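Asker: Protein sequences appear in the order of chains P and C.
Note that our numbering numbers the first sequence so that position 293 is 273, with each residue one more than the last.
Note that our numbering numbers the second sequence so that position 265 is 962, with each residue one more than the last.
Simulated from the structure, these hints should not be mistaken for laboratory data.
Quick caveat, the model's predicted, so the values are computed rather than measured.
Please note that the accuracy of each hint is not assured.
Footprint (simulated), chain C over chain P, 3 or more residues, beta carbon under 8 Å [claimed, not checked]:
#1 12 to 25
#2 254 to 264
Chain P side only, calculated, beta carbon under 7 Å to chain C, not exhaustive [as the list claims (entries may be wrong)]:
#3 Cys(-15)
#4 Pro56
#5 Val70
#6 Ala86
#7 Phe87
Chain P is nowhere near these chain C residues, computed Cβ spacing over 10 Å in every case [what the hints assert, rightly or not]:
#8 Leu772
#9 Asp884
#10 Leu1148
Idealized CB from N, CA, C, for every residue including glycine.
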Amino acid sequence: MNAACQPVEVRHLSKSFGTKPALTDVTLSLAPGTVTGLLGRNGAGKTTLIKCLLGLLRPGAGESRVLGERSGDLSPGVKARIGYVPQEPVIYPWMRVRQGIAYQGAFYETWDVGLTEDLLKTFELDPRQRIGALSVGQLQKLAILLALACRPEVLLLDEPVAALDPEGRRHFLRVLLDLVADGTRTVLLSTHITSDVERVCSHVAILKDGKLLQMAEMDELRGSVKELRLAASRPLPEALPGVPGVLSYRGGGSSAVLTVQGDVPAVAARLQRELAAEVTVMDLSLEDVFLELHR
Amino acid sequence: MRTPFRAILRVYASRWQSWLVLTFWLVQLLAFIPAVLDMHGVRDLFPMILFAVGYTCAAIGVQTKEHLGAYRAALVPGFRLPHLTTALLALGVAALPFPVVAALAGGSALGVLGLVVPMGALAFAGCCRGGWRAAAFGLGYLLVFIPGVSQWVKGLLAGQYPWVAAILCLLGLWLLVDAVLFLVTMDEETPGYEMQFRSNLRQFRGSQARQSMSAAIRNLDRQNSIWLRLVDVQIPDTMPYVGASRWRRIVHWRRAQANQWFAVLMPSLIWLVMVAIQLGLAQPAAASSRWALRSTMWVLVMIPPMLALSAWQARGGMLNRELTYPLRRRDFVIEQGVAALVPQYAAWLLVLLAMVGVSAILPDACAWTDLLTAAAVAGPWQAVVFALLARLGTLGSGLPMVIGMLLAAFVGTLLLMGCVVLANPAVTATVSAALVLLAGAALAGTYRHWLRVDIA
C-alpha cells in the first residue's frame, strides 16, 4: 500500500485555539495493521490531534484523512469503519446499558451483537443498569464496548484506560490485541501509561508542545535512545560539548551517566576513545525514553 | 421502518419528559377544540396556542440538540438525518393540528399558521442554539404579548392579514432551515455546541470557553463562572474557612453558589415582564385588570424562590468536594442552607417590592390588602418549599424535584387564593402562623436529613 492509501494520514496539520497553538505542522501516517501509541505531556495536543482526525475540530492549516476521506467530510460508509473512545465519554445517562448499546447499534450495519455480549461479560457490565449510575471506570468500559462493537478498521482511543482498574486495563488490552490480530486494523492509542504502549503498540508517536517529536517503530525508538555509563580512571568532564545526540549528562568524578539519541554505537566508541573510559550501553524503558526526549 | 428511526422513537418513548410534554400538549389541544367551537374563532386563544406549540417545540429542540450536540453525531454513520427527520415530523405534529382545527371551525388556517410556524420555529431554533441564545430567542415570545402587538396578533389569527401570515410562515420555515443547517454543520468549536437550554459546566470547558461570546456567556451565567473562578484561583483568598466567622463563610458559600445576583435578578425581571404582559392583556377590559393581576401574582410570587433553589440544586455536584473542607458537617449544612435561603428570600422580597411599586402606580391593578396577604402567606411558604425541595434534591433524580415544585406552586397558590378570596384577616393570620410552624418543622426535618444523607 502506498503512502496515499494509508488508513490515517496527517499532513502539515496545524491547529490553534485563539492565539495558543495546539498543533504545529504535524505530519504522520499510520499503516494498516499498526497499533500506534500517542504519547505526550498534558496539553501536548494528543486530544486535539485525534479530534482533528475525526473532524470534530477544524484544522487551521494542513489536512488529515481517515480511510482516504478528508476528516471534515467523512461519509457514512467511512464513519461506519471508525471507532472512537473519547477521553470523557458522554453517553445518555437516562438510558440503561442495554438500551444505550441497542441505540448506537441501530446505526451500524456491521454491529456485532455477539461481541457486545462478550464484552459485557468481559467488562462485567450489568446491561440493566442505568448509565447515569455507572462509575467512571464502568462508563469508560461501556465507551470502549461501543467503539469496538462495530468492528472498526480504524480505532482512535483517547486515553481509554485512564479510569480502568488493572484488571480492566488488562482485559481491554487483550481485547485490543484480539481485534488487531488479523493485521488489517489500525489503532491510534493516546495514553500516559507507557507500559501499556510497550505491551500492545508497534509504533510510537510523541508529541511535544503541539509538534511531532518522534514517530517510529517501538523497537527503533527504543534502539535509538540509550543510556551510556562511563567509568574512567581519571576525572571526567562536567559537560560533553560537541558530542552529537547527547540528551542528558550527569557526571561526577570518574563516572558519568548520559543518554544518547541517534547513532549510539558511534557515540559510545567516540567516548571510549576520547575519554579513555569504559562505556556500558543500557536499554531504557519507554517511559525513560519519553522523559529523556522531553528534557 | 428503518432501525435507526425505531431506535430514536424508542428514545423519545423511554423518557418521562416526552410523556409529560405530550400530556400537556394534548390537554391544550383538547381544551382548544371546544373553545374554538364555542367562540367561533381563535383570536382570543392565542396564549393557549403559543403555550402548547412553544413548549412542545422547545422540548423537541432540547431533545434534538442533546443528541446532535455531541461527538456521536459527527461519528456515528447516518446519525443526523433520522434525528432531524424525526424532529421535523414531531414539530409538524405539534403545530399543525391548531390551524386544522381552526379551519374546521370556520376560522383562518393561514392566520393560525402565521403564528404557530414562526413561533414554533423560534422555540425550536432557540433551544437548538442553546445557552443564552435560547433565552434571547425566547424574548420573541414576550413580544407577542405587548399590548399593541397582541391586538395585532388577534387580527392575524382572525385572518385579517393573509399576506403577513404568509410572510411569517416563510420566515418561520427559514428559521427552521437555519436551525437544521446549524445542527448539521456545527462542530466542537461552534458557539453553542453541547449547550442545551439547561446550562451546565461542560459548556464552559476547553474550546467552548474560548469562543468569542464566551465572556458574555460567563458573565450572564453567574452560576457557573463565579464558581469556576473560585476553583481556579480564588479559593485561598476567598475561603478563609478556618477561623472565619459563620456569616463570612455564608457569604462565601453564596459566592460559590454564585446565584446571588443571577438568581435574584433574573426571576424578578421575568416576573416583572410577565406582570407587564398580564396587564397588557387585560388592558382593554380595565375592570378585569385587578383580577388579572390577582389571579397570577400568587403563582408568580412562587417562581423566584423556586428558580433560586433550582440554581442552587444545579451545583449539587460540588457539595461532595466542599464537604471535605475543614468544617463540621452540621455547620456545613446550616451554612449551605442559609446561603441558599438568602438569595431566595431576596428574590421574593424584590418581587414583593416591585408589586408595591405596581400597586402605587396602578392602584386598580393590585390592592394593598392583597399585598399584605401575599407577604403573610407566601413568606413562610418560601421556607416550606425550600425545606421540601432541599430534601427532594437528595434523592438523585430530577423528577421528584419537578413534581415537588409543581405541587408547591399549586398548594401555595391555593392557600393564597383562598386567603385573598376570603379577605378575612383572622383567617390569613391563622394560615400564616400555621405556615410558620410548618416551615420550622420542615426545616428542622430537612436539616436532620442532610446530616445523615449521602453526599457523593
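Asker: So, for every hint listed, does it hold in this structure?
Answerer: Here is how each hint holds up against the structure:
Under a criterion of three residues with beta carbons nearer than 8 Å to beta carbons of chain C, the stated coverage of the segment 12 to 25 of chain P fails, only 0 such residues being counted. For the segment 254 to 264 of chain P, the stated coverage by chain C is not satisfied: 0 residues place a CB nearer than 8 Å to a CB of that chain, which falls below the threshold of 3. With a cut of 7 Å, the hint placing cysteine -15 of chain P at the interface with chain C is violated, because the nearest CB-to-CB distance is about 21 Å. The interface hint given for proline 56 of chain P is met, as the beta carbon of that residue sits about 4 Å from the closest beta carbon of chain C, less than 7 Å.
The restraint placing valine 70 of chain P at the interface with chain C holds, with a minimum CB-CB distance near 5 Å, inside the 7 Å limit. Contact between alanine 86 of chain P and chain C, as hinted, is supported at the beta carbon level, the nearest pair being about 4 Å apart and thus within 7 Å. For phenylalanine 87 of chain P, the shortest C-beta to C-beta distance to chain C is roughly 5 Å, which falls under 7 Å, so the interface hint holds. For leucine 772 of chain C, the condition that its CB be more than 10 Å from all CB atoms of chain P is violated, with the nearest at approximately 5 Å.
Its closest Cβ contact with chain P, about 6 Å, brings aspartate 884 of chain C to no more than 10 Å, contrary to its assignment away from the interface. Even its closest Cβ contact with chain P, about 24 Å, leaves leucine 1148 of chain C beyond 10 Å, as expected for a residue assigned away from the interface.
Going through the hint list in order, the structure does not satisfy hints 1, 2, 3, 8 and 9.
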